[in-house]
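**Student:** The chain contents come next:
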Amino acid sequence: AQSVTQLDSHVSVSEGTPVLLRCNYSSSYSPSLFWYVQHPNKGLQLLLKYTSAATLVKGINGFEAEFKKSETSFHLTKPSAHMSDAAEYFCVVSGFYNTDKLIFGTGTRLQVFP
Amino acid sequence: DTEVTQTPKHLVMGMTNKKSLKCEQHMGHRAMYWYKQKAKKPPELMFVYSYEKLSINESVPSRFSPECPNSSLLNLHLHALQPEDSALYLCASSQVGGSRGNEQFFGPGTRLTVL
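Chains W and F, in that order, give the protein sequences.
Quick note: the first sequence uses this note's numbering, first residue 3, plus one each step.
Quick note: the second sequence uses this note's numbering, first residue 5, plus one each step.
To be clear, the hints were calculated from the coordinates, so they are not data collected in a lab.
All the pointers check out, no bait thrown in.
Once the Cα atoms are required to be at most 27 Å apart in a straight line, the calculated BS3-like pairs of lysine-lysine come out as:
hint : chain 1 : residue 1 : chain 2 : residue 2
1    : F       : Lys22     : F       : Lys57
2    : F       : Lys40     : W       : Lys44
3    : F       : Lys44     : W       : Lys44
4    : F       : Lys44     : W       : Lys103
5    : F       : Lys57     : W       : Lys103
6    : W       : Lys103    : W       : Lys71
7    : F       : Lys57     : F       : Lys40
8    : F       : Lys57     : F       : Lys26
Using the sequences provided together with the hints, build the complete structure.
**Tutor:** Next up, the structure:
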């Protein structure tokens, strides 16, 4: 069975400092992994995805993530936080037998202080 | 056009009402999805349509009835809902159902309140 674990339910940073949101996955096969962001009362927006190509994936708004098979991790980073980054972030793995099913982590709420 | 649109944005209904949620996409995607999201939780998959056929029903109560009239439209018909059904209902679409790495594009959601 596949699963994702987001290691922090809340992360707080100051504007201009780096962001690190941690995600570990469990999969018997090479997974497809995604990071989505959700601003309050909005839908989900794809930040980036990993599908077995380059292990360092660059996304929108300056975010990137590195797939580390040995550590079963897919952490999301950004060098410098902006106030507009405050939102809920979901790490997601695609089901292997049924790739229509996305398996969501429980989410990490990012707060950005001025 | 890379948008998934949903109407209405907000809906308040009584437990005896019948209402419908609508979702539309014009990206040529052949898979469409309904999710339910409660506050401070991740989305939960309800239904998947692939090539206009229902391919996944995640044991959703029959008071929720999905419909896919064509490849661009997805409806969710609501009848005799309970207050615990109050949630954000998200629609999504993806390029080809069943292929690895096909991200899902989400609409803004309908905020449903059942009184």
